Amino acid sequence: GAVVSQHPSWVICKSGTSVKIECRSLDFQATTMFWYRQFPKQSLMLMATSNEGSKATYEQGVEKDKFLINHASLTLSTLTVTSAHPEDSSFYICSARGGSIYNEQFFGPGTRLTVL
Amino acid sequence: GQNIDQPTEMTATEGAIVQINCTYQTSGFNGLFWYQQHAGEAPTFLSYNVLDGLEEKGRFSSFLSRSKGYSYLLLKELQMKDSASYLCAVGGATNKLIFGTGTLLAVQP
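These protein sequences, in sequence, are chains A and B.
When we follow our numbering, the leftmost residue of the first sequence carries the number 1, and every step to the right adds one.
When we follow our numbering, the leftmost residue of the second sequence carries the number 1, and every step to the right adds one.
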């Protein structure tokens with residue numbers, strides 16, 4: 001099946017710093033990638049839809065200036081959490097669509113962000 | 001509005017059968033997906049229904065009734081490794097996935 005990777009798998013940072021998370025589709029081209037956030041014991045909440053070569057589309061309530069998304073190529077999207085604060089601590093998961101007859105989303109392994 | 005409902009938790013016995021229900025109300029429908037998620041890991045795809053009826057894949061089956069806004073995931077011959085969260089997700093009008101809250105299944109010996 002299609003493989004999506006994320007890097008880093010976990011990161012701990014100080015409050016006020018910025019953190020970049022990479023999402024790559026390894027064996028297929030993904031014109032669309034999605035970024036989700038998941039708090040403990042809760043479901044996935046879509047943050048934004050990332051389209052290659054264009055601006056990301058953010059969900060209501062998600063600050064686009066705080067969560068910067070860049071989809072520079074058909075296999076790479078990045079999420080930068082700027083000026084991170086403890087409330088941004090969460091599990092961030094990306095997904096990419098394509099590479100299958102079901103057109104389902106394939107998820108990366110997630111990035112655990114802890115802001116001290 | 002958009003709403004997807006699943007039971008929060010379920011418990012079943014190893015070797016048994018369990019059915020996880022999902023009801024939805026969404027603007028637009030491009031199929032219903034079931035994902036399995038183990039704690040601390042990303043979701044993995046289990047099944048996809050876009051037409052009414054039952055889709056069977058080994059020990060897992062998924063059913064859809066579009067008129068009722070209802071789906072279920074059926075797990076047979078339960079194994080301990082099936083203990084996980086099961087997420088119901090609907091493909092919305094813009095092909096985004098809208099996730100339910102997930103059902104945490106505990107399989108007991």
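If you're looking for bench data, these hints aren't it; they were derived computationally from the structure.
Note that this is a predicted model, so its numbers are computed, not measured.
From the three backbone atoms N, C-alpha and C, an ideal C-beta is built for every residue, glycine too.
Careful: at least some of the hints might be erroneous.
As the list claims (entries may be wrong) - Anything over 12 Å on all C-beta distances counts as not near chain B; from chain A, calculated:
| # | residue |
| --- | --- |
| 1 | A2 |
| 2 | V4 |
| 3 | Q6 |
| 4 | I12 |
| 5 | E22 |
| 6 | D27 |
| 7 | M45 |
| 8 | L46 |
| 9 | G53 |
| 10 | K66 |
| 11 | S73 |
| 12 | T75 |
| 13 | E87 |
| 14 | D88 |
| 15 | S95 |
Unchecked claim - Using 20 Å as the maximum straight-line C-alpha spacing, the simulated DMTMM-like pairs for lysine to aspartate or glutamate come out as follows:
| # | chain 1 | residue 1 | chain 2 | residue 2 |
| --- | --- | --- | --- | --- |
| 16 | A | K14 | A | E59 |
| 17 | B | K96 | A | E59 |
| 18 | A | K66 | A | E22 |
| 19 | B | K68 | B | D5 |
| 20 | A | K20 | A | E52 |
| 21 | B | K96 | A | E63 |
| 22 | A | K41 | B | E41 |
| 23 | B | K81 | B | E41 |
| 24 | A | K20 | A | D65 |
| 25 | B | K96 | A | E87 |
| 26 | A | K66 | A | D88 |
| 27 | A | K41 | B | D5 |
| 28 | A | K64 | A | D88 |
| 29 | A | K64 | A | E87 |
| 30 | A | K41 | B | D82 |
| 31 | B | K81 | B | E9 |
| 32 | A | K41 | B | E56 |
| 33 | B | K76 | B | E56 |
| 34 | A | K41 | A | E87 |
| 35 | A | K14 | A | D88 |
| Of the hints given before, which are not true for this structure? | When the structure is compared with the hints, numbers 1, 2, 3, 7, 8, 15, 16, 25 and 32 turn out to be violated.
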